[in-house]
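Asker: Residue numbers (my numbering), protein chains in the order written: chain R, 5 to 157; chain W, 164 to 578.
If you are wondering where the hints come from, they were derived from the structure by calculation, not from laboratory data.
Backbone N, C-alpha and C fix where the C-beta goes; we use that ideal spot for every residue, glycine too.
In the DSSO-like style, the derived pairs of lysine-lysine whose C-alpha atoms are separated by at most 27 Å in a straight line are:
(1) R/K102 / R/K139
(2) W/K201 / W/K405
(3) W/K540 / R/K66
(4) R/K66 / W/K240
What the simulated footprint calls covered on chain R by chain W, stretch by stretch (three residues with Cβ under 8 Å from a Cβ of chain W suffice, anywhere in the stretch; the number is not a length):
(5) 24-32
(6) 57-66
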Amino acid sequence: MSEKIIEKNKGLVKADFGFWVGLYMDKFYDTFEQKKIIGNKCQECGAVFVPPRNICGICNIKLPLDQNWIDVSDEGILINYTRTAYKVTDRRARKAKKLNDIGMVQLEGSDTAIVYPLIDFKEDDLKTGMKVKVKWKDNPTGGPSDIEGFIKG
Amino acid sequence: MGRQVAIVSAGYSEHASKRSDVSMPELVNEAIEDCLAKVPSVELKDIDAFVNGNMPAFEGSNIPELWMTDWMGARNKPLMRVTTGGTTGGSVAISGYYTVTAGIPGIDTVLAIAFEQQSQGDTSVGLASVAYGEISILNSLGISYDQLNRLLSAGAAIGVAAYQATTYMSKANITEEDLARVVVQNRRNAAKTWWAHLKMPDLTIADVLDTPYVQYPLRYGMVCPASDGAVAMLFTTEEKAKDMCDIPVYVNGVASVANETAVLGYDGSGSAQLDPSEQLGAMKSADLAYSQAGISFPRKEIDYAEVYAPFPNQELMWVEKLGLFEETTAPEMYETGVTAHKGELPVNCSGGVNSTNAIAASAMERPSEAALQIMGKASNQVPKTVHTSIGSGWGGSLNLITLMAMSDEPKRKWK
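All chains should be built: construct the whole structure from the sequences, respecting the hints.
Answerer: Here you go:
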């Protein structure tokens with residue numbers, strides 16, 4: 005299949021955009037530096053949010069910034085997964101050499117799931133409900149990519 | 164005939180050029196908390212529906228209303244999004260009003276939210292995609308963005324406002340000093356408004372005139388800042404309003420009117436406006452909103468006005484076009500203190516858009532401040548008793564005007 009390009013726009017305007025992560029996420033990422041994961045717990049229904057939130061959408065109440073923080077495990081259960089033949093981090097890149105797995109993982113002690121790459125799995129290995137654990141970067145800096153992905157637990 | 168609608172509260176986040184301490188949902192949440200703190204009997208769960216708006220092109224974060232749903236308390240509740248350029252906030256407020264007045268079963272209390280966190284993105288580029296819709300056509304002809312800016316204006320909204328300023332100045336026969344006087348009044352007022360951005364309690368006319376031109380006749384010291392901030396307003400029915408607060412503010416008239424968009428007819432897409440300060444949209448908005456509200460003599464009946472004006476010439480132009488003063492007399496009203504905090508008809512005691520401009524929030528901060536002045540809860544509360552007030556918005560290239568007229572009496576009692 006060949007690419008179809010009508011015409012390249014010579015006067016293309018480019019701009020950088022970003023977003024401030026905010027108070028709750030800042031606290032969340034900070035703990036990555038110690039290879040730890042935290043979440044916050046709703047004082048009413050007890051739901052544990054990873055990543056943390058400032059309002060429990062179920063109860064519609066505020067979760068205070070200075071309260072209800074709990075440590076969660078860096079091990080969890082694979083809730084769901086998918087495979088792609090394209091590079092996850094670069095959509096312009098054509099097919100990757102090997103298949104990439106991405107999965108939704110519910111960390112032990114939390115009621116939500118986070119999505120990260122699944123590392124070193126063969127197709128037959130992957131099963132929903134299986135145990136997985138975080139693979140940390142060697143020198144974490146307190147940012148989202150401190151978690152490289154999940155490996156077999 | 165719709166239901167009578169009342170405003171029971173309004174709240175703000177702190178505004179600054181960079182709110183890098185909070186995420187966009189957290190910024191919005193600040194305004195909601197401030198809004199609900201003023202009505203202790205109301206909790207997030209008591210809100211039946213939500214209206215949300217910003218200019219996503221400015222931050223580059225699209226459909227923000229969806230990823231901040233929980234932060235607004237809107238999970239599993241009716242949610243509508245409105246975006247109309249600079250008037251976004253005005254349109255969001257009007258949509259809040261419409262949602263209540265419609266009388267849909269189970270929808271009585273509506274929270275309207277407008278915000279902008281401009282520090283996340285490139286506002287000028289975002290604006291180019293809005294105000295200069297024709298940019299893509301010219302780009303495809305090989306005219307680059309840089310050249311386009313030089314051809315048409317100095318860029319952003321000031322390029323549009325400069326033409327309004329020069330035509331107004333020649334019509335009213337005024338000088339830059341008259342423009343600077345408006346700025347001084349606004350920035351000094353902003354100093355007394357807790358959430359405002361540019362607080363300059365000691366600013367003088369000479370200080371303003373001592374800054375370089377951005378684009379003649381507008382100097383650096385005269386133009387609005389780019390702010391991060393959020394505002395929330397709570398609308399409900401007349402019956403429920405009485406239980407929620409002491410002085411409900413009744414929305415008695417709303418209008419949103421546009422006239423021809425072509426700034427100077429530069430793209431050949433429409434008729435050119437020969438007089439950018441003509442503002443037929445503003446005059447029509449005023450006619451509509453005042454007739455709904457039963458206001459026959461705006462100058463006499465309106466006690467307080469919040470007029471959307473990022474640039475001082477616009478404030479002079481619009482107080483006239485909205486019927487508060489006779490044509491070309493506004494500069495005199497600023498000179499003699501009529502529009503001052505202690506004046507006969509105070510204007511923009513919050514400091515106005517000239518002091519704080521979180522784009523989408525700005526056009527809602529006008530009706531919200533106008534409402535708080537009636538309630539007696541404004542940060543820079545005027546000494547006189549305010550019974551009737553207005554809040555306006557401006558957006559598009561030269562042309563879209565929103566207006567909300569409100570009072571401490573429901574309109575049917577006047578008729």
